[in-house]
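> Two chains, two frames, a set of hints: combine them into the complex.
Next come the chains, spelled out residue by residue.
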Amino acid sequence: MIAPLVTLFLVLMVICAIAALATPDLLAAVVIFGAFSFFSAIFYTLLGALDVAFTEAAVGAAITTIFFVSAIYRTDRKVD
Amino acid sequence: MPGFISRLSWVPLLAALLVLFYVARDFPRMGDPESPASTHVSPRYIEDSESKAGAPNMVTAVLADYRSYDTLGETVVILTAGLACLLVLGSFRRTRDEPEDAKLMVQGFGSDVLDATSRLLIPFIVLFAVYVVVHGHTSPGGGFQGGAIFAAGLMLVRLTRGKAKGLRLRAGVAVIIACAGIFIYLGTGLLSLIRGYQFLDYAALPLPYEGGHLREFGSLTVEVGVFIAVTAVLMLIFDVLTSGAEE
Chain A
0 MIAPLVTLFL VLMVICAIAA LATPDLLAAV VIFGAFSFFS AIFYTLLGAL DVAFTEAAVG
60 AAITTIFFVS AIYRTDRKVD
Chain B
0 MPGFISRLSW VPLLAALLVL FYVARDFPRM GDPESPASTH VSPRYIEDSE SKAGAPNMVT
60 AVLADYRSYD TLGETVVILT AGLACLLVLG SFRRTRDEPE DAKLMVQGFG SDVLDATSRL
120 LIPFIVLFAV YVVVHGHTSP GGGFQGGAIF AAGLMLVRLT RGKAKGLRLR AGVAVIIACA
180 GIFIYLGTGL LSLIRGYQFL DYAALPLPYE GGHLREFGSL TVEVGVFIAV TAVLMLIFDV
240 LTSGAEE
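Going down the list, the protein sequences come from chains A and B. Numbering-wise, numbering that gives the first Met the number 0 puts 18 at position 19 of the first sequence, and it's gapless, one number per residue. Numbering-wise, numbering that gives the first Met the number 0 puts 139 at position 140 of the second sequence, and it's gapless, one number per residue.
Among the clues, some could well be false.
Calculated pairs, EDC-like style, for lysine to aspartate or glutamate (alpha carbon to alpha carbon, straight line, at most 16 Å) [stated by the list, open to error]:
#1 B:102 <-> A:24
#2 A:77 <-> A:24
#3 B:51 <-> B:209
#4 B:162 <-> B:114
#5 A:77 <-> B:100
#6 B:102 <-> B:209
Cβ-Cβ distance ranges computed for the label pairs, FRET-style [what the hints assert, rightly or not]:
#7 B:17 <-> A:77: 26 to 36 Å
#8 A:63 <-> B:116: 15 to 25 Å
#9 B:33 <-> A:74: 31 to 41 Å
#10 B:43 <-> A:20: 36 to 46 Å
#11 B:205 <-> A:70: 40 to 50 Å
#12 A:4 <-> B:134: 23 to 33 Å
#13 B:169 <-> A:70: 47 to 57 Å
#14 B:208 <-> A:27: 46 to 56 Å
The following residues of chain B were derived to be distant from chain A, with all beta-carbon distances above 10 Å [said to hold, decoys possible]:
#15 21
#16 35
#17 43
#18 100
#19 111
#20 129
#21 151
#22 160
If you are wondering where the hints come from, they were derived from the structure by calculation, not from laboratory data. By construction, the Cβ of each residue, glycine as well, lies at the ideal position given by its N, Cα and C atoms.
Pulled out of the complex, with its shape left as it was, chain B reads as follows (with noise of 0.2 Å):
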């Protein structure tokens, strides 16, 4: 391996792996019952979260429920990376020593094999990420996921058959409907808040249902936000890496 890696930077390398190690060693051990995690915090979500939270995954009550508040800073995290990405690469310009290939990435591969197959799996992928969205209170997924499957399905009709025939999006939308996405998780939690409870409280939305069912209904609510604002990012990046901001 000649000179991928001069031969100075495997002392810092080093240096951080021998850190690792020593910090790895004060860990508690995989599964450990004595471990502080395991002893205070775990066993509340494992006997709360399905009859406070409405949601046997424990995974989509900790995100969308008990921890509601990080998930949203998160989603605003993610529609900045999508701004920083448009800011940065949107300026570009195609220019005439840009390689012949970069063309194929906005026109679309398509041969007829890549669009037979494509017209089959892409249908299949869209419901999947609607699924995953939908179902994610019972199995593993939610919001995130089914954001990123949705755009990965939307994604392959352009890499097929070009910008022109996917959905067209232009990056101004894109941001506005990722904000819209965002707006939902916020009205949600505004909407608590309206009605005299704590910021993202589902226990006040005004549905007809109970207990953990709101709630449910709730994390189900901020979890169509998610996958919008996600969905929409996801885009605007594959559209500001192939093409720029331009139409």
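Only chain A is shown next, with the shape it has when bound in the complex (with noise of 0.2 Å):
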């Protein structure tokens, strides 16, 4: 029953990881990085490992994309 739904949450990750690198946008790059620790974070909580899944939504969702943001801000949004 939970087959299914580990694929389509890989399959939601690979599809982000994608779309993270192609975008020349770096600030949407960013919000599709935090959809990214968003699924890994349900992908996780799907296999029982609540404990990881809790720590990447805090820091993988939160404060790595609060710091690539705050980056940003200081440099330059756009890919050459």
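As structure tokens, this is what we get:
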């Protein structure tokens, strides 16, 4: 019952990873990367690793996103 | 997708993927009861962690009690990461060609909507962070997650109202607070060492509890140390990223 869901979220993670690489706008890439973190947090929850999912949601989705955004604000938003 | 990855860089990526898939065949199947980890390691933790370490959440029992020494090293790694950020980014000064928007990260984005929403949210975020640390023995969570959530709450203050209105924390002070957190961790270990037990053996703590209950309090002390260190380091990295080491 859980296998199709796991596959779904793995596919979503791959899509997010490729989209984050492909967008020329770095801010959009960071937001997509946050979505990637959320999908992986749900993925860990499905596998029963609640603590890992919690850490991924707190650090991957919140803290790294803030750090990336603050780094972008000090540099350039577009990829040359 | 023109030129986002040059053509040649696909070769090492494909090679790495091939190696990865080849190696992954040797892994035991997910949830295989015959795998070495499930036959020798897991049953001991599953059976003993609640009675011996006093924590129904086995992950916390392993992190803060059975493998406490590793967690100490991990916390020191986090402090090192913060210090590296301070050393590399702290020397940057504002330049004239820096984008106009960069000032917003320091002065805050504050509009009325953001201000009202953050006023509602921040107390709950901070309270939830403390809950995650204190309740980490029975539910998912612990010092690291709690510290990250607490730091996220503080960053929300900075982002909406600016650095001046937020909790002002000079880089040196943040480092000292982070070191204090690690010292709480290390002090717990040294205390048991002084009292004739092994390093980080919580059975040695001079508290009026026994057995698993005492160990639960020992790992709570350690988690508080991790919480303080992680919060201080994350705030340090955020401050250094947004405004450098200047005050």
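> Compare the structure with each hint and give your call.
Checked hints:
no. : hint                       : verdict
1   : B:102 <-> A:24             : violated, 20 Å
2   : A:77 <-> A:24              : holds, 5 Å
3   : B:51 <-> B:209             : holds, 10 Å
4   : B:162 <-> B:114            : holds, 14 Å
5   : A:77 <-> B:100             : holds, 14 Å
6   : B:102 <-> B:209            : violated, 55 Å
7   : B:17 <-> A:77: 26 to 36 Å  : holds, 34 Å
8   : A:63 <-> B:116: 15 to 25 Å : holds, 22 Å
9   : B:33 <-> A:74: 31 to 41 Å  : violated, 52 Å
10  : B:43 <-> A:20: 36 to 46 Å  : holds, 43 Å
11  : B:205 <-> A:70: 40 to 50 Å : holds, 46 Å
12  : A:4 <-> B:134: 23 to 33 Å  : holds, 28 Å
13  : B:169 <-> A:70: 47 to 57 Å : violated, 21 Å
14  : B:208 <-> A:27: 46 to 56 Å : holds, 53 Å
15  : 21                         : holds, 19 Å
16  : 35                         : holds, 19 Å
17  : 43                         : holds, 19 Å
18  : 100                        : violated, 5 Å
19  : 111                        : holds, 22 Å
20  : 129                        : holds, 14 Å
21  : 151                        : violated, 5 Å
22  : 160                        : holds, 15 Å
Taken one by one, the earlier hints fail for this structure at numbers 1, 6, 9, 13, 18, 21, listed in ascending order.
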